[in-house]
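Student: Residues per chain are reported as follows:
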Amino acid sequence: MASAHAIPSLDEEFEFTAEAKRRLLIGIGAGVALVAIGAYLLASGAGSHEAHGAAHAAGAHEAHGGGHHEYKWTNRLWANIWLNAVYFTGASVIGMFFMSYNYLAQAGWSVAFKRIPEAMPAYLPFMGIVMLATFFIAGHDLFHWTHPGLYDKASPEFDPIINGKKGFLNTPFYVGRIVAYFGLWYFLWQRLRAFSLQEDLYGGTSYYEKSVKFGTAFLLVFGVTSSTSAWDFVMSIDTHWFSTMFGWYTLASWHVTGLAIITLTVVTLKERGYMQWVNESHLHDLGKFMFAFTIFWTYVWFAQFMLIYYANLPEETIYYRERFSGYGGIYKAPFFINIFLNFVFPFLVLMTRDAKRTYIILKVAAWGIIIGHYFDFYNNIMPGTVGEHAGFGPMEFGMILIFACGFAWSLYSQLTKANLVPKNHPMLEETLHHDI
Amino acid sequence: MSDVHGNSKFLVGIFDDDDVVLKAVREVKKSGVRIHEVYSPFPIHGLDVALGHPRSRLGIAAFMFALSGTLTALALTFYTEGFDWPMIVGGKDSYSPVIYVPVIFELTVLFCALGMVGTFIVSNGLGPTVKPLMYDLRTTDNKFAMAIDLSKNNIGETDIEQILKRSGAAEVNVKQF
Numbered sequence: 015m016a017s018a019h020a021i022p023s024l025d026e027e028f029e030f031t032a033e034a035k036r037r038l039l040i041g042i043g044a045g046v047a048l049v050a051i052g053a054y055l056l057a058s059g060a061g062s063h064e065a066h067g068a069a070h071a072a073g074a075h076e077a078h079g080g081g082h083h084e085y086k087w088t089n090r091l092w093a094n095i096w097l098n099a100v101y102f103t104g105a106s107v108i109g110m111f112f113m114s115y116n117y118l119a120q121a122g123w124s125v126a127f128k129r130i131p132e133a134m135p136a137y138l139p140f141m142g143i144v145m146l147a148t149f150f151i152a153g154h155d156l157f158h159w160t161h162p163g164l165y166d167k168a169s170p171e172f173d174p175i176i177n178g179k180k181g182f183l184n185t186p187f188y189v190g191r192i193v194a195y196f197g198l199w200y201f202l203w204q205r206l207r208a209f210s211l212q213e214d215l216y217g218g219t220s221y222y223e224k225s226v227k228f229g230t231a232f233l234l235v236f237g238v239t240s241s242t243s244a245w246d247f248v249m250s251i252d253t254h255w256f257s258t259m260f261g262w263y264t265l266a267s268w269h270v271t272g273l274a275i276i277t278l279t280v281v282t283l284k285e286r287g288y289m290q291w292v293n294e295s296h297l298h299d300l301g302k303f304m305f306a307f308t309i310f311w312t313y314v315w316f317a318q319f320m321l322i323y324y325a326n327l328p329e330e331t332i333y334y335r336e337r338f339s340g341y342g343g344i345y346k347a348p349f350f351i352n353i354f355l356n357f358v359f360p361f362l363v364l365m366t367r368d369a370k371r372t373y374i375i376l377k378v379a380a381w382g383i384i385i386g387h388y389f390d391f392y393n394n395i396m397p398g399t400v401g402e403h404a405g406f407g408p409m410e411f412g413m414i415l416i417f418a419c420g421f422a423w424s425l426y427s428q429l430t431k432a433n434l435v436p437k438n439h440p441m442l443e444e445t446l447h448h449d450i
Numbered sequence: 101m102s103d104v105h106g107n108s109k110f111l112v113g114i115f116d117d118d119d120v121v122l123k124a125v126r127e128v129k130k131s132g133v134r135i136h137e138v139y140s141p142f143p144i145h146g147l148d149v150a151l152g153h154p155r156s157r158l159g160i161a162a163f164m165f166a167l168s169g170t171l172t173a174l175a176l177t178f179y180t181e182g183f184d185w186p187m188i189v190g191g192k193d194s195y196s197p198v199i200y201v202p203v204i205f206e207l208t209v210l211f212c213a214l215g216m217v218g219t220f221i222v223s224n225g226l227g228p229t230v231k232p233l234m235y236d237l238r239t240t241d242n243k244f245a246m247a248i249d250l251s252k253n254n255i256g257e258t259d260i261e262q263i264l265k266r267s268g269a270a271e272v273n274v275k276q277f
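Chains A and B, in that order, give the protein sequences.
The numbering of the first sequence is this note's numbering, which starts it at 15 and goes up by one.
The numbering of the second sequence is this note's numbering, which starts it at 101 and goes up by one.
These aren't lab readings, by the way, just hints derived from the structure by calculation.
Every residue, glycine too, gets a C-beta built ideally from N, C-alpha and C.
Treat the hints with caution; some may be incorrect.
So the derived label-pair ranges between C-beta atoms look like this [to be verified]:
{"hint": "1", "chain 1": "B", "residue 1": "A213", "chain 2": "A", "residue 2": "L118", "range": "27 to 33 Å"}
{"hint": "2", "chain 1": "B", "residue 1": "F220", "chain 2": "A", "residue 2": "Y216", "range": "47 to 53 Å"}
{"hint": "3", "chain 1": "A", "residue 1": "F361", "chain 2": "B", "residue 2": "L176", "range": "52 to 58 Å"}
{"hint": "4", "chain 1": "B", "residue 1": "D119", "chain 2": "A", "residue 2": "F361", "range": "56 to 62 Å"}
{"hint": "5", "chain 1": "A", "residue 1": "F361", "chain 2": "B", "residue 2": "L158", "range": "48 to 54 Å"}
{"hint": "6", "chain 1": "B", "residue 1": "L174", "chain 2": "A", "residue 2": "N433", "range": "52 to 58 Å"}
{"hint": "7", "chain 1": "B", "residue 1": "N224", "chain 2": "A", "residue 2": "Y216", "range": "49 to 55 Å"}
{"hint": "8", "chain 1": "A", "residue 1": "L146", "chain 2": "B", "residue 2": "A213", "range": "49 to 55 Å"}
{"hint": "9", "chain 1": "A", "residue 1": "A306", "chain 2": "B", "residue 2": "L226", "range": "29 to 35 Å"}
{"hint": "10", "chain 1": "A", "residue 1": "G181", "chain 2": "B", "residue 2": "P202", "range": "34 to 40 Å"}
All chains should be modelled from the sequences, with the hints used to inform the complete structure.
Tutor: Now the structure itself:
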């Protein structure tokens with residue numbers, strides 16, 4: 015359309031106010047306090063009985079082979095840290111993923127809010143450090159495969175199946191892979207971010223062309239590492255079990271979470287008076303993105319479930335058995351919350367055109383997806399790490415608060431470092447006139 | 101559109117450019133002329149808004165077709181496997197909606213797709229024996245046509261021709277059906 019764009023100026027700085035900082039610090043403080051309360055309750059034995067008295071029923075241990083450590087309350091602490099680290103690693107790296115495929119597709123529409131996905135991966139190094147530290151401190155409590163006895167033919171713990179996975183699941187290779195994931199993701203993001211900032215200063219199309227190349231490189235890297243990191247971070251917890259869908263499934267989960275975070279941030283900033291150049295069509299497209307990848311996640315989730323259900327092989331069905339009726343049924347609620355919040359709710363809410371153009375509906379749907387995918391990872395990580403001792407108490411809430419406030423802090427402080435509109439981006443005019 | 105019957109006389113303004121025709125739509129409407137329809141070889145952004153068309157109801161139609169597919173699939177699988185001839189395969193319940201999700205999904209998509217093809221044919225007045233109304237054959241190539249139904253306008257033919265020419269029409273033809 016031949017109408018002039020109506021933004022007063024192409025200079026807009028995001029201000030990370032002292033008020034916002036104070037709130038995030040209070041959030042982190044409250045999170046630490048809640049974790050401390052949760053830890054006290056668990057350590058004194060109150061926590062392990064309040065949530066699931068019936069969980070100690072017979073059969074709860076059916077899922078595990080031999081060689082199980084005695085449960086300590088700290089396991090739940092480590093499992094919580096690991097769960098949030100996996101979740102927010104995904105949320106961060108999806109910012110890079112989003113930018114990369116938009117560069118590769120030479121898409122113009124997303125340029126208007128490009129700074130938001132661009133700011134997300136800044137949280138990656140923290141998550142990498144948290145993961146490595148957790149692995150070194152509590153690897154034995156979280157990962158069954160780290161027990162040396164499993165690979166020793168003389169040991170009563172010897173497990174021929176896990177022994178067969180020794181080439182992949184061994185500590186040096188595992189730690190090397192984690193370092194490689196975070197190193198590669200962070201390095202490629204740094205390059206893309208640097209090009210983007212230089213483009214603001216000097217203009218021209220050379221930065222754009224370089225970004226397309228680095229974005230493509232990232233997609234090649236991520237095509238492999240998204241799968242392998244899903245195996246490493248999540249699937250290897252249930253060492254015996256495997257699913258060929260798992261890489262896709264985790265990527266789908268991460269992706270739709272990242273899209274929900276991008277949408278939520280765009281809408282929130284717009285409501286606060288920033289980014290007035292982002293119009294209804296951008297929001298509509300973001301809504302479509304969330305809607306589409308909600309369905310994609312469901313497709314992968316269901317494909318994995320149905321193949322296992324249909325084939326009915328005991329070594330595969332045990333995974334769902336544990337989550338559906340194992341451990342006294344404590345995972346049944348998260349199982350259904352997962353399907354409801356990640357499929358039924360966004361599917362119905364985001365279906366109409368008007369819904370995708372209404373701030374409040376987009377926000378509600380995005381929050382539903384963000385919370386829902388926490389439960390997705392909860393259900394994938396908790397049964398294999400803490401089993402019947404899992405619950406949802408102060409420790410879980412506190413840990414979410416700490417990680418989420420940290421993520422918001424990292425996102426906001428990155429947003430302050432660049433102009434909110436990439437003013438010399440070659441696709442700027444296209445995005446300002448985006449109209450569908 | 102298919103809502104033209106009998107003897108109707110149209111004035112057809114031919115435009116060379118999509119931007120011009122979009123601007124012309126606003127000007128012609130402002131001067132009080134009722135536009136029957138604009139024909140273009142490709143979609144023009146904002147044209148439906150400028151013409152004042154109501155929001156398309158295609159979404160509702162698609163949803164209804166899809167829903168009928170879902171219900172048909174549910175009924176089909178339930179009647180055959182759950183009621184008429186239950187079979188136990190792989191030791192599972194004879195009827196479980198879980199294993200029929202692919203069937204339900206596929207029939208939903210199929211009904212929606214076929215229904216939309218039907219909707220397309222009906223709403224565009226196409227069919228094996230129907231001769232489509234062509235206001236100008238060049239709108240399938242590189243020209244844009246604005247059709248004005250003279251019977252629905254109180255303004256005289258020459259005045260409308262003037263208005264069309266003024267707003268950028270390269271030529272104005274008369275078309276009778």
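Student: Evaluate each hint against the coordinates.
Tutor: Right, here's what the structure says about each hint:
no.	hint	verdict
1	A213(B) <-> L118(A): 27 to 33 Å	holds, 30 Å
2	F220(B) <-> Y216(A): 47 to 53 Å	holds, 50 Å
3	F361(A) <-> L176(B): 52 to 58 Å	violated, 23 Å
4	D119(B) <-> F361(A): 56 to 62 Å	violated, 39 Å
5	F361(A) <-> L158(B): 48 to 54 Å	violated, 19 Å
6	L174(B) <-> N433(A): 52 to 58 Å	holds, 54 Å
7	N224(B) <-> Y216(A): 49 to 55 Å	holds, 52 Å
8	L146(A) <-> A213(B): 49 to 55 Å	holds, 50 Å
9	A306(A) <-> L226(B): 29 to 35 Å	holds, 30 Å
10	G181(A) <-> P202(B): 34 to 40 Å	holds, 36 Å
The structure fails to meet hints 3, 4 and 5 from the earlier list, while all remaining hints are met.
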